[in-house]
Amino acid sequence: MKKVFCYLERGLAIGFLVTTVCLLLNEGANETMRQVAVWMVASMLYGAVSLVFEADAIPLPAATALHLALCSLVTIAASYILGYADSLLSLLVYVFPTFLAIYAVIYLSIFLSIWISARRMNRKLRAR
Amino acid sequence: MKLTFEPSAGEAEVVVRGDPGDPEVPRILAALQTAAVRQGRLLLRKAGTEREYLLEPEKIDYFSAREGGVLARAGGEDYETRLRLYELSRALRPQGFVQISKGIVVNVQAVRAVEAEFSGNYTALLRDGKTRLTISRSYMRDFRNYVLEGK
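For the protein sequence lines, the chains are A and B, in the order given.
Every number in this note's numbering is 3 more than the matching position in the first sequence, counting from 1.
Every number in this note's numbering is 13 more than the matching position in the second sequence, counting from 1.
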């Protein structure tokens, strides 16, 4: 089943990319396609930024803060390009606090799962 | 080469005497190493000396890579091994040795407890009650799987 989802995910990613390019070429860059293309590029950048979590040398809080900052910037840039707001400042005021709240919750969840994992391991280690 | 047997009580001891420049000496030591590994033991040199010891892996707390080689920590003492960290990690996996960072392979039996840190890393507290080793994020899954599932 895991393999099935893996291939579904791969198909989705490649299909989405190919479809978007084909639609852009055939239909032109209308408003909807512009948004799709910009958010597709933004999604790729979010994925690339996630590589920061692979670097052991960067502590998790720093990696999370870096991810937050870079993803906020990508979101603000995409939103500005698509004209979601009149100014960069208004986007910053709206996007950044929202991201901050989301990431605070994400980080606490990560730490909680790490803590629970440590407890499970200690139970096993004590039982030896 | 002369081979001498001296009967005595207590633990068996092998003493290899020879010129360190003699090519026969490393050949003898390599043969002893192979024999030791076949018996499930490791031939290790006590750090700072020329004495070599046969140690059972379960006596070793962890191996750490440093410039020039790999050190084994056992009973509060350091020993040197000719083997590389990745070789030790592979060979001693069945005996419960798991790599926890780029430079450390730990004996899971020597781990008393694991602590979660706010930095996202884990710290392994060893059976001596003093030694704390950092478990890197990228090696954590393997360590956790070994502790929880034994694989």
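These are calculated hints, taken from the structure and not from any lab test.
For every residue, glycine included, the Cβ atom is placed at its ideal position computed from N, Cα and C.
Among the clues, some could well be false.
[As the list claims (entries may be wrong)] Simulated DEER-style distance windows between Cβ atoms: (1) A:Leu-73 - B:Arg-97: 36 to 44 Å; (2) B:Gly-163 - A:Ser-116: 37 to 45 Å; (3) B:Gly-163 - A:Leu-11: 29 to 37 Å; (4) A:Ala-32 - B:Gly-163: 34 to 42 Å; (5) B:Lys-72 - A:Phe-19: 26 to 34 Å.
Here is how each hint holds up against the structure:
1. Our hint of 36 to 44 Å for Leu-73 (chain A) and Arg-97 (chain B) holds, since their Cβ atoms are close to 37 Å apart.
2. Distance hint check: the CB atoms of Gly-163 (chain B) and Ser-116 (chain A) are about 22 Å apart, inconsistent with the given range 37 to 45 Å.
3. A C-beta distance of roughly 32 Å is found between Gly-163 (chain B) and Leu-11 (chain A), which places it inside the suggested range of 29 to 37 Å.
4. At roughly 56 Å, the beta-carbon separation of Ala-32 (chain A) and Gly-163 (chain B) lies outside the given 34 to 42 Å, and the hint is violated.
5. Our hint of 26 to 34 Å for Lys-72 (chain B) and Phe-19 (chain A) is violated, since their Cβ atoms are close to 56 Å apart.
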